[in-house]
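Visitor: Quick note, the sequences are listed as chains A and B, same order. Each number in the working numbering corresponds to the 1-based position in the first sequence with 9 added. Each number in the working numbering corresponds to the 1-based position in the second sequence with 119 added.
The reader is advised that the hints may include incorrect statements.
[To be verified] Straight-line C-alpha distance at most 20 Å; calculated EDC-like pairs for lysine to aspartate or glutamate: (1) B:156 x B:342; (2) B:268 x A:192; (3) B:268 x A:179.
[As the list claims (entries may be wrong)] Calculated from the model, a selection of chain B residues having no Cβ within reach of chain A, i.e. all distances over 12 Å: (4) 215; (5) 248; (6) 291; (7) 307.
It should be emphasised that the hints constitute simulated quantities derived from the structure, not laboratory data. Cβ atoms here follow ideal geometry from the backbone N, Cα and C, with glycine treated the same way.
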Amino acid sequence: MLFDLLGVTPQALFSQLLLGLINGSFYAMLSLGLAIIFGLLNIINFTHGAQYMLGAFGSWMLLHYTGLNYWYALFLVPIAVGFTGVILERLLISRLYHLDHLYGLLLTFGLALIIQGLLRNEYGISGKPYAIPEQLRGGQNLGFMFLPNYRAWVIAVSIVVCFGTWYMIERTRLGAYLRAATENPTLVNAFGINVPLMITATYGFGVALAALAGVLAAPIYSVHPNMGADLIIVVFAVVVIGGMGSILGAILTGFGLGLVEGLTRVFYPEASAVVIFVIMAIVLLVKPAGLFGRTV
Amino acid sequence: MTETLPAAAETAPTGGAPLLQVRDLEAWYGESHVLHKLSFDVGQGEVVTLLGRNGAGKSTTLKAIMGIIGKRRGSVVYAGRETIAMPSRQIARLGIGYVPEERGIFATLNVEENLMLPPRVQPGGLTVEQVFELFPNLRERLGSSAGSKLSGGEQQMLSIGRILRTGAKTLLLDEPTEGLAPVIVQQIGATIERLKRDGFTIVLVEQNFRFASRVADRHFIVEQGRVVDMIPNAEMDASIDKIHAYLGV
Ligand SMILES: Nc1ncnc2c1ncn2[C@@H]1O[C@H](COP(=O)(O)OP(=O)(O)OP(=O)(O)O)[C@@H](O)[C@H]1O
Ligand SMILES: [Mg+2]
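Pulled out of the complex, with its shape left as it was, chain A reads as follows:
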């Protein structure tokens, strides 16, 4: 049979694909936020990983200090972290728009180090446990594999959020404003639309997406101050592969590369940690603008 030929069991294949899809869910949500922010603000948001971590850490803090559970965290934490993004943009990032990309990169990178450092100082580097919410424990036996409920939930939320965001940007009037301002902010301003406000809101939204990914991650990965720093490097590779400005590109590349990583873990485990970077190198050679990027 096919699986004998390939020398793997269906269980191994499907469980790695599932793991890939989970990772892909996080890649997609994080690279989507980066793509939206980069599109309008022209800033590579290096704070993104720290903001994802704040999402996970925020959930833990909410539970630890106030007793509010996962379901509260799911709404409150992205709003709160998104709000800190709004303040950050107004106070600091907005001063850099007239300067080179590099300044925005340095600022957001520095901010990430500060946020991570502060939390490390206060809470140390050991992982904080965060339990899977009661309603999502257990799993389904699909015959060919066992599907844990919480993992299915993460994948479903990610798909709904990603494609909901895509729909909002590509198919609604608000999204048309956003696309137009991404293309020519000066002219959109000259039509009487408040572009600076849109920019602030967009940054806040991108940050809230990162925080939501963090909340979803809290019960799966261990919650510690460096969890975002580890992940974000891979996410930047995903963004480069997908193409910096493309919304759909960010989503599809995120899920796709998660799956590719999973497959690599089945067939050639030694390469699974680097496969995304190898793909990035190839894409940069063949199509420098990225798979879905527009060459401008």
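Guided by the hints, dock chain B with the ligands onto chain A, whose structure is given.
Guide: Coordinates of chain B with the ligands only, in the frame set by chain A:
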């Protein structure tokens, strides 16, 4: 100084004072100083043109009025209000519509989204149906995909049409006939005449002064960032040699 009440300024003619008054306008692109104390004014319902050689500063003048240039100084009074310190979006909200030289059609928006993009700034804008009556070609292209797939003429019509929807009663048009086929130039000329009859106030940048003399009341000659002459349209024929000299044709 007489002050015009904002409410009155929006509806009624500003009793004697010009609707748009540009005084000693200066503008810079970075370090490069492009407008040097440029002055002119436009009455309510008037159509004026800015004529001048390439690089004289005509487009920059429109951008400076609109507030979309790095640095500007001097005075731009519209309907009794000083706008020199206002952000661009606030100037637009006073009822000034801008049609840029490069037309500014958004490639990532489809034709309908491009048309519906500028928000209403004042009551009395054209309905989509009225825009289509003015530019029937647009109706056929409405279902088509990207705005950038339109022909040059269609892009120009879309660029003007979307501004007419907003209710802006003062229009800044930057070379609306540039690079277009004669039949399209005719159509745009007829549109501007019609807008003038409907009471729009228009500042038109034109290279083609034959076209300009067909629609305008007065012509301002721009040279090296200054207005150096004003020619009423009635004197256009008599001044033709002078104009040739100014424009270097
Ligand atoms: N974005 C810019 N950055 C720097 N300099 C500019 C910029 N745009 C225009 N200039 C310069 O400013 C001057 C005036 O340009 P402007 O576009 O206003 O001329 P114009 O009268 O509209 O000419 P044309 O008939 O070619 O459209 C020119 O010397 C031009 O080179
Ligand atoms: Mg010009």
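Visitor: Can we trust that residue 291 of chain B is non-interface, i.e. its beta-carbon lies farther than 12 Å from all of chain A?
Guide: At roughly 10 Å from the nearest Cβ of chain A, residue 291 of chain B sits no farther out than 12 Å, so the non-interface label is violated.
Visitor: Please confirm whether residue 307 of chain B is truly not at the interface, meaning its C-beta sits more than 12 Å away from all C-beta atoms of chain A.
Guide: holds, 20 Å
Visitor: Given the hint that residue 156 of chain B pairs with residue 342 of chain B, test it: the Cα-Cα distance must not exceed 20 Å.
Guide: holds, 12 Å
Visitor: Determine whether the non-interface label on residue 248 of chain B survives the test: each CB of chain A must be over 12 Å from its CB.
Guide: holds, 19 Å
Visitor: For the pair we were handed, residue 268 of chain B and residue 192 of chain A, check the Cα-Cα distance against 20 Å.
Guide: Cα-Cα ~16 Å, so holds.
Visitor: Residue 215 of chain B clear of chain A by more than 12 Å, beta carbon to beta carbon?
Guide: About 9 Å separates residue 215 of chain B from the closest Cβ of chain A, which leaves it inside 12 Å; violated.
Visitor: Taking only the CA atoms, is the gap from residue 268 of chain B to residue 179 of chain A under or equal to 20 Å?
Guide: At roughly 18 Å apart (the allowed maximum being 20 Å), residue 179 of chain A and residue 268 of chain B satisfy the hint.
Hint compliance for this structure: hints 4 and 6 are broken, all remaining hints hold.
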